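Sequence order for the protein chains is W and P.
Take the first sequence: its letters are residues 6 to 100, numbered as in our numbering.
Take the second sequence: its letters are residues 8 to 493, numbered as in our numbering.
Incorrect hints may appear among the rest.
Unchecked claim - Ranges of calculated distance between the beta carbons of each label pair, as one might list FRET restraints:
#	chain 1	residue 1	chain 2	residue 2	range
1	P	D422	W	D70	43 to 53 Å
2	W	D62	P	T251	15 to 25 Å
3	W	Y93	P	S214	17 to 27 Å
4	W	E30	P	S42	38 to 48 Å
5	P	K72	W	D91	39 to 49 Å
In case anyone wonders, no lab produced these hints; they're calculated from the structure.
The model shown is predicted, which means the values in this text are computed figures rather than measured ones.
Here a beta-carbon is modelled for each residue, glycine too, at the ideal position from N, C-alpha and C.
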Amino acid sequence: MAITKDTVKKISKLSRIASNDQFEENMIKDLNSILKFVEQLNEVKIDSIEPLASTVDQEIIKREDAVKKMNDKNQILSNSPTDNKDFYVVPKVIE
Amino acid sequence: MSEIYQLSLSELVDKIKSKEISCEDAAKSYIDRASKSKKLNCYIVDTFENALSKAKEQDQNFNDKQKLFGAPIAVKDLFCTKGIQTSASSKMLEGFKPEYESTVTSKLWEHGANLLGKLNCDEYAMGSSNETSYFGNVINPYRNDKDLVPGGSSGGSASAVAANLTVATVGTDTGGSIRQPASFTGIVGLKPTYGRCSRWGVVAFASSLDQAGPMSKTVKDSALMLEVISGHDEKDSTSAKKETEPFSQKLTSNIKGLKIGIPKEYKVEGMPKQITDLWNKGIEISKSLGCEIKEISLPHTKYALPTYYIIAPAEASSNLARYDGVRYGFRAEGKDLIEMYENTRAMGFGDEVKRRILIGTYVLSSGYYDAYYLKAQRVRRLIKNDFDEAFKDVDTILTPTAPSSAFAIGQNVDDPISMYLNDVFTVPTNLAGLPAISIPAGYDEKNLPLGLQLIGKSFDEQTILNNAYAIEQNINFKSQVKDWWI
Chain W
6 MAITKDTVKK ISKLSRIASN DQFEENMIKD LNSILKFVEQ LNEVKIDSIE PLASTVDQEI
66 IKREDAVKKM NDKNQILSNS PTDNKDFYVV PKVIE
Chain P
8 MSEIYQLSLS ELVDKIKSKE ISCEDAAKSY IDRASKSKKL NCYIVDTFEN ALSKAKEQDQ
68 NFNDKQKLFG APIAVKDLFC TKGIQTSASS KMLEGFKPEY ESTVTSKLWE HGANLLGKLN
128 CDEYAMGSSN ETSYFGNVIN PYRNDKDLVP GGSSGGSASA VAANLTVATV GTDTGGSIRQ
188 PASFTGIVGL KPTYGRCSRW GVVAFASSLD QAGPMSKTVK DSALMLEVIS GHDEKDSTSA
248 KKETEPFSQK LTSNIKGLKI GIPKEYKVEG MPKQITDLWN KGIEISKSLG CEIKEISLPH
308 TKYALPTYYI IAPAEASSNL ARYDGVRYGF RAEGKDLIEM YENTRAMGFG DEVKRRILIG
368 TYVLSSGYYD AYYLKAQRVR RLIKNDFDEA FKDVDTILTP TAPSSAFAIG QNVDDPISMY
428 LNDVFTVPTN LAGLPAISIP AGYDEKNLPL GLQLIGKSFD EQTILNNAYA IEQNINFKSQ
488 VKDWWI
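Let the sequences and hints guide you as you build the complete structure.
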């Protein structure tokens, strides 16, 4: 199997999602069935095909590098899960 | 007299403008009906009081220049609405009140529409049955002996239009999330060309595929909605430099001489006979309207779903990295910063969202990027090339919208792949960036609605709208929703 318990642990870590035994067991089954499904693509001859990242057929439109007032600090901070009015508050990151 | 909520959007706006109906009565009619319809679980948040006071104001400040003047409209809860909870149906965003308004919804209000509330959907638009919502599944107003799903991810939007709880709505479509629920609930749903409508202020799922579009009772209503919500927006760098068009005024049912392609690869094994019959009915009607039917080939069709299930989770894993418990929404405690992130994301996201984040992270991770992600992008080009080739010979492509009618709640939840197969006919157009519309075209043996899909050339929504309009006039589909929940 392509995805083992260790793989789930590793990608959970990379995704910053806490995992436990039950979660890992469930995900091994689901992720392997999804991977088996997408591996149908191995049949397709793609050697000389350029990847397509976007269907937009225009150059990226540039805008003037000018300051525009769009957001209000107090309103933005009011959505923070902590109720400090000046900063976002997070657990201590330096000793 | 028939009830106000039975009118189409175009009919309602005309009657408001000719002063047969007041904005207040229009709002009241929908508020009353939506209040009695909580069992369907369409609304996550309602703004009925605001809607009523705005309607009264509108009656005082009559404005017949606005294209949606007085129309009561609820929107999918993926569109940011200023000061009103926008949750994407996730625990992660419960309580989040954006400080800004999405471009698409701004345009609705600029044209006089009146917000009724926010409609349930699959969590972060990831799902095909509306069963992944943190706020519970939506129920389809059509039923047999069991409660049925409305499809997804715009399931609350679809049920709300079908049950007359909003006069029309906007949904989003990343792999079929407008069209498949439209098919399951007997309404019209249009996914515009990628870039036609701004993505600014729409909660992001897979940015190269996401597109907002109308869901409505009639084709004309979708045309009217599209002319309001489309157009270039400098706040979205992928927004096309194309101005909106008067789609509803240019709508015509004269489609004589139109060349319609029938892709042989869409005749998939095990497709129910009723869907094949419906498709044939669409072909016969088109012939009777003077269209030329051509068999075409889209050889890479079978690879569209596997391609999608690499690209969409890859983009989602990147887009959803922003939910870290710091700036908005839900936060779980942790002994340090990393543990706080990990606990927040473990508890804030549902299983389907986590599945897709993990798959996306895996296909983008070192050592697998070329084998999965880059390969999927190469196949994506082949899929787009298939359509480019086909559209040299035809003007539109006619297919079924979904491989089944609405299924029972719980039927597909244990098998992600069987759920994903719902989108087999809708996903290819997202990968190719093309416009496509689903229209209700008949009923199956269980009396459940079935849809037909028309796919168009890039930025040629007008032709698929005309084609859909002509078929709609001919089929004369009638809603069979019975108010069993009231």
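Verification of the supplied hints:
no. : hint                          : verdict
1   : D422(P) to D70(W): 43 to 53 Å : holds (50 Å)
2   : D62(W) to T251(P): 15 to 25 Å : holds (19 Å)
3   : Y93(W) to S214(P): 17 to 27 Å : holds (25 Å)
4   : E30(W) to S42(P): 38 to 48 Å  : holds (44 Å)
5   : K72(P) to D91(W): 39 to 49 Å  : holds (45 Å)
Consistency note: the structure conflicts with none of the earlier hints.
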